[in-house]
Amino acid sequence: MSQPAHTPFVESLLTAAAPLAGQGIAWLDASRRENFDAFIAAGLPDTRMEAWKYTALRALGQRRFTFGDTQAATRQVDPALLALPGVDGPRLVFVNGMFRADLSRIEDLPEGLSLQPLSQVLAQDAESLRFALARRYREAGDVFARLNAAFAGDGVVLRVAAGAKIAQPVQLSFIGAAADTDLSWHARNVIELGEGAELSVVEQHAGSGEQQHLGTLVADTVLHDDARLQHSILQNAAEGSSLIRRGSLHLGARAQVMLHVLELGGALVRHDLHAELIGDEARLDTRGVFVLRGRQHVDTQLAIRHQARNTASESTWRGVADQRARGVFRGAIVVAEGADGSDANLSNKNLLLSTQAEIDTKPELEIYADEVKAAHGATIGQLDERSMFYLRSRGIPQAEARGMLTAAFCRSVFESVPNEALREHLSQALLAHLP
Amino acid sequence: MLKIENLHARVEGKDILKGLSLTVNPGEVHAIMGPNGAGKSTLGNVLSGRDGYEVTEGSVIFEGRDLLALEPEERAAAGVFLAFQYPVEIPGVNNTYFLRAALNAQRKQRGEAELDSMQFLKLVREKLKIMQISDELLHRAVNEGFSGGEKKRNEIFQMAVLEPKLAILDETDSGLDIDALKQVAQGVNALRSADRAFLVITHYQRLLDYIEPDFVHVLADGRIVESGDKTLAHKLEEHGYAWVAERDESLAGART
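Protein chains in written order, with full-length UniProt numbering: chain A, 1 to 435; chain B, 1 to 256.
To be clear, the hints were calculated from the coordinates, so they are not data collected in a lab.
If you're wondering where the values come from, they're calculated on a predicted model, not measured in any experiment.
Backbone N, C-alpha and C fix where the C-beta goes; we use that ideal spot for every residue, glycine too.
Just so you know, not all the hints are guaranteed correct.
Quick list of simulated restraints, FRET-style, between CB atoms [to be verified]: (1) A:G86 - B:D135: 49 to 59 Å; (2) B:D51 - A:A432: 45 to 55 Å; (3) B:E163 - A:A83: 39 to 49 Å; (4) B:E12 - A:Q323: 24 to 34 Å; (5) A:Q76 - B:K108: 50 to 60 Å; (6) B:E112 - A:E50: 52 to 62 Å; (7) A:A399 - B:S134: 26 to 36 Å; (8) B:Y97 - A:A161: 37 to 47 Å; (9) A:D125 - B:E136: 54 to 64 Å; (10) A:E50 - B:R110: 53 to 63 Å; (11) B:E112 - A:D46: 24 to 34 Å; (12) B:E71 - A:A432: 20 to 30 Å.
Sequences are here, hints too, so could you generate the full structure?
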């Protein structure tokens, strides 16, 4: 064999044969081919690459995944899994990456809201997605974005017309369902809010049955001037699964985004979140927490770029790791030249519940503009022994006391979720995840 | 109810309690007085099961059970309550939620039915009256931003709700002005009963003007060196702790 040796992971992709939505569209075929070739040429990165310094992919590289699930259309999913308190509006559900009309709710959409699976848009009006999908990822660390671009055939296309204010939250659910083999699925979301539009989105990742699938999701969100978005992500993927999510946010002038992220599930999770504040006075508020146990590995990479004047970003992130879990947080904020008068705050606090758990945090701040107010800080600590004893001395057993203090530690992340029922659901999910 | 025999305890490698013996019967109020460093707070912490206090000798029997073998939460469920000298602020944990969790955890451990929120609210209202505490404190996080007096009153309020058999008050008077001291003492007196005992640990006789003890013990250098009735507290106030040391030659080297 004269070919370079591929890892089992890459080999299993070379032989992937499942048909993809949109095949035969010349520009899409070309984009998929180029991203695929770039992915194969580079292979999986090792920890010498800065972006992957704390997340080793060696074990993933030794595994094989079957691309696509031929039975995705008929896999049983418990309706209770999809029911989120306070969320009963439009819903798109994907099982192992494939759209499931039977589990979704897209009849009688409110005026101004367009919500369709990507596979359907590719069949009807592919040209409208050309700008989003005909993209080459050139950064060395963009490995999974390339993989996703090569293989994503379904996902969410959500558009809100200018001025439309959508009251009901839109639910987007990605369910990994148990199968005979380890599957890989790849989904692509395109969300666009027109000028002055308002939307709230609840994104759910959950597992139905035990599995060790690999899912990738690339989610691009664009807000035109004065648009407002509330986006909550509840990541409760199956315990053995791997999930790679890459989200991007573009904020026009005076646009506002409030993002809440709760990471609970998955064995290996990587979440890249890139936000660009492009218009003057754009505001971004991100709040997230991971709560890890067992041997979970969750890596959150937050990158915020202030590009316009008087923009503001507030970032409140918490990490909790128990047992032998490992958490990684990188928060990089850049205030670019010309983004004068901007505010940027980043707080990252972490809690280690066991001596064998590990959390690595790296806040970064680069400022190239004038009159900027910026602050960032990161801490790693343990539960306060005095507080623990106080609770126990009142009769509260150790495990419950730990739960109370951990929930209190994470409280600042959720108190701003406006939907009360959802907020309660998120904190219950967090408590239930503690060992 | 409580029988402490020849108790020796060590903190960070240093012997603090050196053979303390004490018997407390139901309904009795015992005051433990002594100079700084005598081991007063160590006694409270050892009895409530705090980490870092190593018992090297002796025994503590509470209602027939080996108290030292129990976890802190088990001691609480058995009926031991420690009012902290420095109550801990716990941001993010609501005071009412905390207290209900504590009461129900104790009831569960004792095999009693847990209280639902209506039953709990009724109980809290009754106890609030006794303690003259504003219910505004209940809606805040545990002790967060409370004044010194509010923290101590909150301790006594918790005691009122949890209804322990043995209440240990660890320098509850420290840092209180006279009005706050009276309020705290009133709360304690309202909770005195034939089947509840108190161990009142204090440096000053002042608190004992308001909580009248049945017995007063002087703790010095890790042992009880003098016991008597409430008049002992007045003698101490008059003569200072040096007086006790002089009376007990074996304590000649002890701190006064």
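Going through the hints against the structure:
no. : hint                        : in the structure
1   : A:G86 - B:D135: 49 to 59 Å  : violated (29 Å)
2   : B:D51 - A:A432: 45 to 55 Å  : violated (28 Å)
3   : B:E163 - A:A83: 39 to 49 Å  : holds (41 Å)
4   : B:E12 - A:Q323: 24 to 34 Å  : holds (29 Å)
5   : A:Q76 - B:K108: 50 to 60 Å  : violated (37 Å)
6   : B:E112 - A:E50: 52 to 62 Å  : holds (58 Å)
7   : A:A399 - B:S134: 26 to 36 Å : holds (33 Å)
8   : B:Y97 - A:A161: 37 to 47 Å  : holds (44 Å)
9   : A:D125 - B:E136: 54 to 64 Å : holds (59 Å)
10  : A:E50 - B:R110: 53 to 63 Å  : holds (57 Å)
11  : B:E112 - A:D46: 24 to 34 Å  : violated (59 Å)
12  : B:E71 - A:A432: 20 to 30 Å  : holds (24 Å)
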